[in-house]
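Asks: Sequence order for the protein chains is A and B. For the first sequence, our numbering begins at 1 and goes up steadily by one. For the second sequence, our numbering begins at 1001 and goes up steadily by one.
Any given hint could be a false lead.
Here are the computed distance ranges between Cβ atoms for each label pair [claimed, not checked]:
1) A:ASN291 <-> B:LYS1088: 48 to 58 Å
2) A:ASP474 <-> B:PRO1172: 33 to 43 Å
3) B:THR1097 <-> A:PRO344: 18 to 28 Å
4) B:THR1097 <-> A:ASP508: 12 to 22 Å
5) A:PRO383 <-> B:ASP1157: 24 to 34 Å
6) A:PRO588 <-> B:GLU1118: 52 to 62 Å
7) A:SER333 <-> B:GLU1118: 26 to 36 Å
8) B:GLY1174 <-> A:HIS438: 48 to 58 Å
9) B:PRO1172 <-> A:ILE440: 36 to 46 Å
10) B:ASP1157 <-> A:PRO574: 34 to 44 Å
11) A:LYS187 <-> B:PRO1172: 41 to 51 Å
12) A:GLN439 <-> B:PRO1172: 17 to 27 Å
Since the hints were made in silico from the structure, they are not lab data. None of the values given here were measured: they were computed from a predicted structure. Note that beta-carbon positions come from the ideal geometry of N, C-alpha and C, so glycine has one too.
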Amino acid sequence: MEGKKVLMTGNQAIARGFYEAGGLVAASYPGSPTVEILESIKREYRQIYSEFSVNEKVALEVAMGASFAGARALASMKHVGVNIAMDPLMTFTQTRTSGGFILVSGDDPGMASSQNEQDNRIIGKFANMAVLDPCDSQEAKNFTKLSLELSETYGMPVMLRITSRLCHSRGIVELSDREEKPAEGFKPDKTNFNMIPPNTFKKQFEMKERLESLSKAAMDLGINRLEKGNGSEVLIITSGLVYNNLMELNLDIPVLKLGLVYPLPLDAIRSLASNYKRLIVIEEMSPFIENELKINGIECEGKSYFSFTGELGIEEIEAGLLRAGIFEESRYSGKMGEDKSVPPRLPLFCAGCPHRPVFDILKKSGRKVVGDIGCYSLAGIFPIEVLDTIISMGSSLGIIKGMAKAMKLSGKSEPLVAVIGDSTFFHSGMTGMVNMLHQIDPEDNMTIIILNNGTTAMTGGQHTASSGSYESEDDMHVDLEVLLRAMGLENVRSVDQFKYKEAKEAIDEEIKRPGLSIVIATRPCALRFKIREPHFYVDPNVCIACRNCIRTNCPPLRMKKYEGIEKLKSSINPEMCVGCSVCSQVCPVGAIKRADGEVE
Amino acid sequence: MKAYNIMLAGVGGQGLVLTTSIICSAAFYAGYDVKSNDVIGLSQRGGKVWGSVRLGEKIHSPNIPPGDADFLVALEPLEADRWKVSLKKEGILIVNTGEIAPAHVAAEKAEYPADIIERLSASYRLYAIDAASEGKKLGSAKVANLFLIGVLARHIDIKKEAWHAAIRENVPAGFIEMNIRAFDIGYEMHKQNH
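Model the full structure from these sequences, guided by the hints.
Replies: As C-alpha cells, then:
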C-alpha cells in the first residue's frame, strides 16, 4: 500500500488519514458536507470502532472518552453540529489530552446545504484549539495525521476545518500503511480530568501556553510556507481551497500559504511583513486571519476587497484583486456560469415520499406550522410552502410551546402544529418533548407530528434510533409510541399516512382538539427502504383537470396534452412512479388507477 | 499533455456523482492530474445539481471559472440550457434529451422551453442522445449516462482501455458489461454530430 496513489474526495482522505494514523474510535452525527467521513471509515476500515451517534454532543463525548483512554479519536460533524457539541468541547479543551483528538468541522461557505454560514475557525479559537485548514485531498489526509500528532505533542484537541467544496472534491492521494497506536487505557489524573475548581484555575494558563508554544513552532511544521513571487509590493496570505483557486490565476506574486490558521505564526509574519508594502488576506466568510493579524498589530487588507459571505472561486478572487488594484485586466468579469433566465429547479420530495400526504393534509388545514431540520424542511419552499419557521435541530418543540404561551397571553390563541422527523427527535427533540409535560394548559392547542421514516434521510439514509422498526438487523428499536407514553404523554396516536382519508381525519381531529396531541406518521422512507409498488396511471377521459394530484408535487406527475382531448389532463411517468397511491386518493373522480402487475 | 475542463449538470438522483467518478478514474489511469467537484447542490433528489472535472499536467482547483469549460455533459436538456454559458465559444455540449420537468413547470408556473436542443445546436457543437431509451434497448435506463461519457471520451486524449477500466472500477459488478456496451455505442457516435 505504501506509496500507492488513488483518487479520493476530501472526506475519504480524512477517513484514510485517521486510519493510517492508527485511529481507534470515530463518531459522528450525519450532516452535509462531512457525512462521508464516517461512512468511509465504516465501509473501508473495520479495525476502527465507529458509530453514527444520536447527536453531535454524544459523538464528541464518545470520541473524548476514547481519547481519555489513550486512543486516537475523531469526531466529525457539520459546522452547526459543533454548536450541539459545544458544551462538552469547551470544558474538554481545558484538559491535557491523552490519545490524539481531532474534531472535523465541515464548514459550508455559500450554504449549499445548511441553515447558516458560521465560520468555525472562530469556535476553534474560542475553544483554545489549534485549527488546520487543508487545500486538497492530499492535505486533508496529511493534516488529519498531523492534527493527531499535534494533539498529543501539545496536549490539546485539534480542529480540522474543511469546507463543503473540498469535502466533495476528488484529487490524487498517496497512501501510506497504517501505524498501529494501541490505547494505553485510562490513567486517572483527577487534577486533569475532573474539571471543577480549583483544578480549572491552572488550566487557563496551560491553554494559553500551549497555543503560544505552537505559534512559535508553526513555521517549522512544514504546512505554513512562503511561495516566492516577484516584487516587494504585495504579499498575499491565504489557506484552504482558496489557495488553489488563487493558483489558477497564475500570478507572479509571493504567497504565504497557511495550513495552520490558528494560532498564526505571528512573529514570522511580522518579520515577513516588513519586506512588503501591502499584505492582502484572501479568505472565505469572516475576516478571521485578517482580524488576528490586525489585533496583533500587523497591518493588512482583506474584506474590503472580498465578500464576507459565499465561496471565493477563481472569478471572485480575480474580481477582488482587481478591486485591490493588483492587476488591471479581467478575464472573467461580467461572465456567469449559470444562465439565471432558465426556469429554476428546486429539490422536492421523492416519488413515494411518506412526507407528501402529511404536508398535503397540513396545507389544506391552513394552520401555522413550526418546522424542523430534515427532508421535510423542503415543505417550506415552493410549491408546498407549509412550514412557517425552520431554525435548528429539534427546535420545533420549544418554539411551538413558547409561541402558544405568548399568543395565549395576548388573547391570540389558535391551534398550532409542529413537525419533526425521528432522527431529529432523537437528536434533540426528546428534551423539548419532556418539557411539554411542564405547565401545559389544557387549552394550549398544540399538535406535534413525528414523521417516523426510520432514517436520517436528508443526508443519504443513515440509521436512527427507530430504524429497527423497519429493518430488523438494526440494533436500535426504540418504539416511539411506547417512549412517549413512558415519558407521561397521553394523547399519542399512530397513523398510516398512505391511508390518506384516515390520516387526514386523524390529523384534523387532533388539530381541533384542545391540549397537546402527538401524531406519529409511520411510513418509512421510500428511498432508503427502496419501496416500489406497481405504478399508477391517469385515465384522461375521467380526469377533470382539477390538479389536486399535481398539487401534491410528486415528480412523475405533470399536466399534459392528450391526443383528441382539448384540455390538459394529468399524467404519470410510469418509470418514476413507485406506486404510493397518494395521488389516486386525492383524486375526487377516481381517474388515477393502479397498473397492477406491471412493475419493471 | 493536454488539459480539459468538463462541466457536468443534471437533476438530483440522476447519478452525477458516479458519472464524475468514472471520468476522474479514466483520467487518473491515463496519467493525468485530476480534480473534481463531485456534486454541488442540496444533497437531495429532484433539485439542480452540477459538478466539474478538470484534468491536465497539474491541476490546482477543481473549479471551472465561467466560460472556461471545454465540455458540458448535461444529463437533462433544461440543465444544458442553464449551464451553456459555462462553455467556451468552441465548447462541446453533450445532452441527454430526456426531459424532467422541474416543480415550477409541473405546477404550471413556468414553461418548459420547447426548442432547447435546436437553439443550443445553433450556437454549440452539440451531441443529443435520448440516452434513457437507448439504455432500455440494452436492458436498463440506468446506463444512460454511459452513452454521454462515450461521446465525451472520443474528444479526450485517453485510451479506450482506461475508460473501460474506470467503468469496471465504478459500477456494480453485475452491470459492468451493459455499461461498457453503452459507453462503446456513445464512443462510436461521433459521426452523428449535429
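Asks: Each hint should be assessed against the structure and marked as holding or not.
Replies: Tested hints:
A C-beta distance of roughly 40 Å is found between A:ASN291 and B:LYS1088, which places it outside the suggested range of 48 to 58 Å. Hint check: A:ASP474 to B:PRO1172, Cβ distance near 23 Å, so the stated range 33 to 43 Å is violated. Under the hint 18 to 28 Å, the C-beta atoms of B:THR1097 and A:PRO344, about 21 Å apart, fit the expected range. Roughly 45 Å separates the CB atoms of B:THR1097 and A:ASP508, a value that falls outside the hinted 12 to 22 Å.
Between A:PRO383 and B:ASP1157, the C-beta spacing of about 46 Å breaks the proposed range 24 to 34 Å. A:PRO588 and B:GLU1118 have their C-beta atoms about 40 Å apart, which leaves the hinted 52 to 62 Å range violated. Between A:SER333 and B:GLU1118, the C-beta spacing of about 31 Å keeps the proposed range 26 to 36 Å intact. One distance hint, 48 to 58 Å for the beta-carbon pair B:GLY1174 and A:HIS438, holds here, with the actual separation near 56 Å.
Taken as a hint, the range 36 to 46 Å is violated for the pair B:PRO1172 and A:ILE440, whose Cβ atoms sit roughly 52 Å apart. Here the CB-CB span from B:ASP1157 to A:PRO574 is close to 42 Å, well matched to the stated 34 to 44 Å. Range check, A:LYS187 to B:PRO1172: Cβ separation about 48 Å, and the 41 to 51 Å hint holds. Between A:GLN439 and B:PRO1172 the beta carbon distance is about 55 Å. The supplied range of 17 to 27 Å is therefore violated.
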